[in-house]
Amino acid sequence: MTARSPRPPRPLDTIPDETATERPTAPAGHHPILGHVRASIVLLILTMVLLGLAYPGALTVFAQEVTPWTANGSLLYNSTGAAVGSELIAQNLSAPWLFWERPSPVDYNSFNGSPTLLGYSDPALYNETEGYLQEYGPYAVNATVPEILVTVSGSGLDPDLTPGATLVQIPRIANATGLSLPVLNALVNKFITAPLYGFIGPYYVNVLLLDLYLVHNCENAQHQGVGTCITGS
Amino acid sequence: MSNPLALVGSYLDVAIVFGLVLAAAPSIGNFMGRVFTNRPTFGEGVFGPVERGIYRLLGVNPRHSMRVREYISAFLLSNAALIIWIFLLLQLQNKLPLAAPNIPPMSWDLALHTSASFSTNTDFTHFVTESQVTEGGLLLGLQVAMFLSAGAGLAILAAFIRGFVRKDGTIGNYFVDITRCVVRILAPLSVLGALILVLLGLPQTFATSLQFHTLLGPVQTIPLGPVASWQSIMLLGSNGGGIFGANSTHPFENPSALSNLFEIGLMMLIPFSSPFAFASAVRRKGEAFPYLGTILIVFFIAVALLIIGQVASNPELSPIAALSQNSFYSAGQETRFTLPEGALFQTVSVYGNVGANNMAIGALSPIGQMAMLFGMFTQSTPGGVGTGMGYLLTNALIAIFVGGLMVGRTPEYLGKKIGKQQIGWAASLLLIHPVLIFGPLVATLLGGFAALPTTGVGASAHTFTSILYEFTSEAANNGSAMGSVYVNDTTLWFNVVGAVVMLVGRFMPMVAMLMISHHFSVQTPLPPGPGTLKTQSFTFMIYLTLFLIILTALLFLPALALGPLTQIGAGG
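As they're listed, the protein sequences go chains A and B.
Heads up, the first sequence is in the working numbering, so the first residue is 1 and it goes up one at a time.
Heads up, the second sequence is in the working numbering, so the first residue is 1 and it goes up one at a time.
Keep in mind that the hints were calculated from the coordinates and are not lab data.
All C-beta atoms, glycine included, are put in the ideal place defined by N, C-alpha and C.
There may be inaccurate statements among the hints.
Unchecked claim - To be clear about the criterion: a stretch of chain B counts as covered by chain A if any three or more of its residues have a C-beta under 8 Å from a C-beta of chain A, and this derived list gives those stretches: (1) 105-114; (2) 336-344; (3) 388-396; (4) 493-504.
As the list claims (entries may be wrong) - Interface residues of chain A toward chain B, partial, derived using beta-carbon atoms under 8 Å: (5) P56; (6) E65; (7) F199.
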């Protein structure tokens with residue numbers, strides 16, 4: 001192998017820089033400030049038209065064509081075809097016969113803003129958690145309540161739960177609906193989403209999807225006279 | 001987490017994303033460097049004619065190179081136009097196209113805070129976006145600012161770097177710089193990013209909301225909008241102001257673990273490529289590595305601290321017998337992200353001065369909050385788009401100056417002497433940061449504009465930290481917020497003081513960078529001599545890292561002692 005000697009770096013002052021070819025002398029009688037004001041305003045208007053309107057506009061055309069379902073909010077429909085929620089957004093499901101989601105101080109409504117959470121070692125945190133726990137307490141049969149069920153998510157709209165926090169609710173739903181524990185266990189297991197490709201994301205359950213299925217199945221069961229699970233709202 | 005293989009596996013996806021971005025960084029940095037130095041780039045046939053058309057409309061001669069006074073005038077006027085426009089727009093938003101009947105105009109102080117916030121690349125929001133800004137305000141005001149403020153950051157970096165390259169006393173043309181940076185870097189990358197975000201399931205529509213009856217009957221209203229196109233430039237341009245109040249914890253902004261990973265990459269792309277852009281612009285390939293190394297060391301310490309703080313279960317909750325604690329403290333976390341996924345997003349966001357969040361910073365452990373604050377104190381590991389690299393270079397200049405004096409070397413960098421003027425401006429740039437943080441903090445507490453709760457050390461230290469965090473985030477043009485239930489930060493005081501902090505915190509350091517560049521640009525470069533400090537070395541990287549950490553700690557440790565450290569000392 002022939003050893004190549006490294007090329008010495010070029011001295012910086014020999015580098016041509018394409019804009020440096022003209023001296024900074026403005027034409028006589030021309031005030032640079034006025035030019036700057038004009039350029040600033042035109043730049044603003046151009047950005048507004050091209051990047052404020054045309055860019056999201058073109059993207060919207062693309063999205064409505066290619067991914068219309070997610071582009072319009074990932075809506076879920078009931079058996080009669082009416083929208084009942086978005087797959088991605090939590091809603092208030094606090095009926096005894098449904099799986100519950102995490103608590104939301106903004107009442108599952110993002111127009112109310114995002115929750116302001118208590119500090120990590122704020123003494124009020126104990127009471128707040130106890131308060132949420134009271135709502136779950138009577139229903140947790142022979143089990144402690146998983147932390148995730150009584151802590152607020154960052155958005156207050158988290159539609160998901162860990163599998164453990166879903167499974168722990170089964171005794172309550174069995175009591176309210178008359179469905180058997182194995183049936184509910186199998187149902188929850190069916191709705192556990194595994195990490196994508198085995199390593200992206202956690203194991204979780206989308207509670208709204210699960211409840212939608214539960215309600216739908218119960219309605220069918222009621223029609224056939226084999227179950228009494230839904231008391232309606 | 002008991003299975004060690006599973007533990008490694010849970011870090012696999014974030015490691016892959018991190019590795020991919022670092023692998024792409026040299027090429028992207030090289031491209032950026034060519035954009036900065038007005039060389040032809042990939043896609044010249046498309047970009048060239050577009051830019052020439054824009055120059056004609058702007059009335060700008062692209063071959064005219066400005067001296068520093070003219071450059072600063074162009075830069076400040078252009079930003080003033082943007083700030084005034086948004087200030088007026090938000091106060092008239094109910095009378096303009098794309099208005100909504102239920103969204104009132106903003107009060108003058110909120111409009112001031114918001115226009116300062118978005119024009120300075122901060123994006124600190126004192127409002128709930130979906131309830132308080134119309135679609136017209138979003139698209140014609142705030143989204144315009146997201147492109148132009150990121151473009152301005154890149155333009156200032158380009159002008160800063162030119163000081164090292166030129167000797168004719170000019171530092172470029174501001175309008176050429178911002179045009180090239182938006183046309184060649186920000187616009188194409190954000191279109192590409194938005195296309196992928198659409199495919200990853202983000203909403204993209206001009207409808208602003210949707211109503212339906214939920215499973216149990218009551219009406220639920222959910223906000224919609226052109227989310228993907230917004231989210232793309234928000235993350236790419238280190239902006240961080242969400243199209244929804246809940247930011248990237250909102251499932252529409254960040255619906256899945258996969259979208260979370262892609263959004264991490266979008267945020268990392270420009271800041272982590274910037275060392276290579278600098279090296280390419282000064283044509284010294286090896287200059288990139290000491291800077292990248294410094295960034296990575298500080299960054300990894302922060303990610304580790306955030307995760308360590310979070311994996312311990314919260315001792316505050318352990319007395320509750322009926323509770324089984326999670327493998328990590330779950331308040332403020334979203335279920336669809338693992339802890340490493342959430343933590344990498346959050347650290348990239350704060351350290352890249354994006355300020356988006358996919359967890360509630362207010363619920364983090366005090367160690368995690370301290371790690372986040374540290375990134376806003378340095379502003380340069382890697383820092384925001386353009387400005388972060390500028391801060392790191394300024395730190396390096398001081399480090400070279402001090403180090404050179406200590407070992408008897410000539411204080412010079414890339415053949416340019418670091419003189420009194422450069423050090424003066426560099427020091428003022430660094431010192432304005434603590435002044436902008438501590439001044440308002442002290443005034444707020446002494447003036448009674450916010451009161452600390454007296455219900456316990458945990459509550460009062462947390463609230464102190466949240467006010468410290470607010471002014472730090474504004475001074476660093478970061479935009480992330482901690483929030484405290486005991487403080488209302490949407491008052492006249494916080495709006496006006498916050499606006500001033502953001503404006504000074506943005507424009508004073510940028511003017512300082514331009515002045516440093518100016519004082520270099522009038523020098524004829526010297527050939528490297530035996531007395532030149534070798535910056536392309538491992539030693540220099542370690543030196544710069546320690547210099548940065550120690551300097552930052554000296555400036556800010558007292559504040560950390562009163563906030564997060566008190567909270568840790570008081571028992572978690």
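Hints, verified against the model:
no.: 1; hint: 105-114; result: violated (count 0)
no.: 2; hint: 336-344; result: holds (count 4)
no.: 3; hint: 388-396; result: violated (count 0)
no.: 4; hint: 493-504; result: violated (count 0)
no.: 5; hint: P56; result: holds, 4 Å
no.: 6; hint: E65; result: violated, 10 Å
no.: 7; hint: F199; result: holds, 5 Å
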